[in-house]
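S.K.: Using the sequences plus the hints, can you model the full thing?
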Amino acid sequence: MGGSNPETGSLKVTVQESESAKQKPPSITAARVGEVEDAYKLSPRTILALVCMGISWGCVTMGNIGPSTTYHYVVDELGGAEIESWIANASLVPLIGLQPIWGSLADRFGKKWFIVAGGLLGIAGNIAAATADTTGIVIGGQVINGIGASMMLLVIPAGLEVVAAQRRGLAQGLMGTINGVMTILSLLVCAEYSIAEMLKSIDFIGIALLLASVIGLIISLTWGGHAHPWDSPIVVALLTVGSVLFVAFYIYGVGVTTTIPVIILSYAVPSHMIGTAGTLFASFRALGGVTGITIFTAIQENYQNGHLFGAVMVAVAEVGLSDAAAREFATIFESGDTVSLENIAGVTPDVMAAADDASQMVSMKAFRFVWIANAAFAVVTAIFAMFLEPVGHKMTKHVETPLEPGKQPQRMKEENGAETEFVF
Numbered sequence: 363m364g365g366s367n368p369e370t371g372s373l374k375v376t377v378q379e380s381e382s383a384k385q386k387p388p389s390i391t392a393a394r395v396g397e398v399e400d401a402y403k404l405s406p407r408t409i410l411a412l413v414c415m416g417i418s419w420g421c422v423t424m425g426n427i428g429p430s431t432t433y434h435y436v437v438d439e440l441g442g443a444e445i446e447s448w449i450a451n452a453s454l455v456p457l458i459g460l461q462p463i464w465g466s467l468a469d470r471f472g473k474k475w476f477i478v479a480g481g482l483l484g485i486a487g488n489i490a491a492a493t494a495d496t497t498g499i500v501i502g503g504q505v506i507n508g509i510g511a512s513m514m515l516l517v518i519p520a521g522l523e524v525v526a527a528q529r530r531g532l533a534q535g536l537m538g539t540i541n542g543v544m545t546i547l548s549l550l551v552c553a554e555y556s557i558a559e560m561l562k563s564i565d566f567i568g569i570a571l572l573l574a575s576v577i578g579l580i581i582s583l584t585w586g587g588h589a590h591p592w593d594s595p596i597v598v599a600l601l602t603v604g605s606v607l608f609v610a611f612y613i614y615g616v617g618v619t620t621t622i623p624v625i626i627l628s629y630a631v632p633s634h635m636i637g638t639a640g641t642l643f644a645s646f647r648a649l650g651g652v653t654g655i656t657i658f659t660a661i662q663e664n665y666q667n668g669h670l671f672g673a674v675m676v677a678v679a680e681v682g683l684s685d686a687a688a689r690e691f692a693t694i695f696e697s698g699d700t701v702s703l704e705n706i707a708g709v710t711p712d713v714m715a716a717a718d719d720a721s722q723m724v725s726m727k728a729f730r731f732v733w734i735a736n737a738a739f740a741v742v743t744a745i746f747a748m749f750l751e752p753v754g755h756k757m758t759k760h761v762e763t764p765l766e767p768g769k770q771p772q773r774m775k776e777e778n779g780a781e782t783e784f785v786f
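Offset between the sequence shown (1-based) and the numbering used here: plus 362.
Where hints are given, some of them may not hold.
Pair by pair, the computed Cβ-Cβ distance ranges are [to be verified]:
hint : residue 1 : residue 2 : range
1    : Y435      : G668      : 26 to 34 Å
2    : A740      : N664      : 18 to 26 Å
3    : Q528      : S594      : 17 to 25 Å
4    : E696      : I417      : 40 to 48 Å
5    : W475      : R730      : 43 to 51 Å
6    : V437      : Q528      : 47 to 55 Å
7    : T710      : G668      : 23 to 31 Å
8    : T659      : T493      : 40 to 48 Å
9    : Y435      : A740      : 46 to 54 Å
10   : V741      : I417      : 30 to 38 Å
11   : S594      : R470      : 42 to 50 Å
12   : E680      : R730      : 21 to 29 Å
13   : G668      : A740      : 35 to 43 Å
No lab work stands behind these hints, which were simulated from the structure alone. Treat the numbers as computed from the prediction; the structure is a model and nothing was measured. Positions of the beta carbon are idealized from the N, C-alpha and C atoms, including for glycine.
M.R.: Structure below.
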């Protein structure tokens with residue numbers, strides 16, 4: 363009785379042991395399993411695939427960031443201010459809702475053509491949005507982009523499947539680094555700043571520490587035990603330098619990561635369900651992000667609405683405006699009509715600077731409450747994380763979907779007639 367593997371297309375054959383069999387097949391020893399696992403070596407072919415998947419992931423991120431930062435230009439040209447929020451949000455609906463569907467199907471039929479279809483839909487959606495003559499068509503293009511993005515994000519679980527289980531962290535780190543660099547580039551492209559201001563906004567030290575540490579760790583862990591012994595000077599040096607630089611990067615800028623949860627998740631589910639679990643996880647994360655942004659935005663806006671008027675009025679009164687003029691100034695400043703501020707008697711550059719400083723101070727204080735709310739969510743998450751089970755025993759040399767030629771899935775048969783499957 364046979365069946366096909368949806369990821370590799372290889373034939374799976376189950377041999378039943380019969381009582382009349384004259385000779386039993388040899389049993390699989392631990393040493394033999396180790397030999398077969400060790401036979402699989404990564405080449406530039408797999409590394410290039412990971413780079414391409416990282417770029418695809420970055421394209422999805424850029425597709426989400428771009429419209430969110432530039433939609434006001436669309437409204438200025440095409441109108442439709444009443445539906446402008448959908449320019450950024452239209453892609454989120456399919457991105458959140460469809461990912462679990464694609465993940466489940468991709469685990470059964472393979473991820474390649476879902477990813478390719480997602481890229482083609484992304485091209486179509488971008489062309490539709492770029493050539494639109496109404497805001498409604500732009501939103502329609504964004505819906506197509508969202509469908510394409512929900513398919514293209516299959517590159518994340520796909521990237522974890524083409525390397526050994528114990529190397530999934532490195533694969534995710536490589537793809538995530540590429541995605542992060544593209545995210546920074548997209549923000550710079552969309553920003554309304556001069557080249558000098560954009561360069562000043564880049565954390566060159568942090569980027570250098572991250573890249574140097576990742577390169578050192580990846581090369582040392584890839585070479586160790588394969589191209590060079592673990593105790594060879596070059597492996598020890600790269601591993602030491604990479605580790606030190608990574609710790610330095612952590613100390614330099616402590617932050618949160620979305621990489622570790624994805625890797626842990628890949629060990630918590632059966633290998634043939636990585637796509638389903640990964641896309642379901644990404645969908646919930648996106649939904650949580652949208653919910654969190656809504657909550658945090660409400661907190662910030664409520665604080666600013668309650669404190670901006672008074673802070674600006676006090677600030678401009680302290681630099682010379684009369685009480686009546688200060689009240690009028692604060693009212694207009696709060697409405698956003700900065701042009702009319704110049705028509706108020708007594709307004710000087712010092713008054714404008716004082717108002718801007720007061721506005722920034724209110725915004726800063728508003729963000730304090732945002733971080734307090736975020737910390738509350740973090741505490742709940744940390745409590746749940748305490749109940750996670752260890753996954754160290756699953757960090758093996760198993761490769762779910764091999765890309766290297768001549769290393770297709772090998773299936774062996776236990777001595778008792780039960781089938782044992784090894785997919786490298």
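S.K.: Against each hint, give a clear statement of whether it holds in the structure.
M.R.: Here's how the hints hold up against the structure:
no., hint, result
1, Y435 x G668: 26 to 34 Å, "holds (31 Å)"
2, A740 x N664: 18 to 26 Å, "holds (21 Å)"
3, Q528 x S594: 17 to 25 Å, "holds (20 Å)"
4, E696 x I417: 40 to 48 Å, "holds (44 Å)"
5, W475 x R730: 43 to 51 Å, "holds (48 Å)"
6, V437 x Q528: 47 to 55 Å, "holds (50 Å)"
7, T710 x G668: 23 to 31 Å, "holds (28 Å)"
8, T659 x T493: 40 to 48 Å, "violated (32 Å)"
9, Y435 x A740: 46 to 54 Å, "violated (35 Å)"
10, V741 x I417: 30 to 38 Å, "holds (36 Å)"
11, S594 x R470: 42 to 50 Å, "holds (44 Å)"
12, E680 x R730: 21 to 29 Å, "holds (23 Å)"
13, G668 x A740: 35 to 43 Å, "violated (26 Å)"
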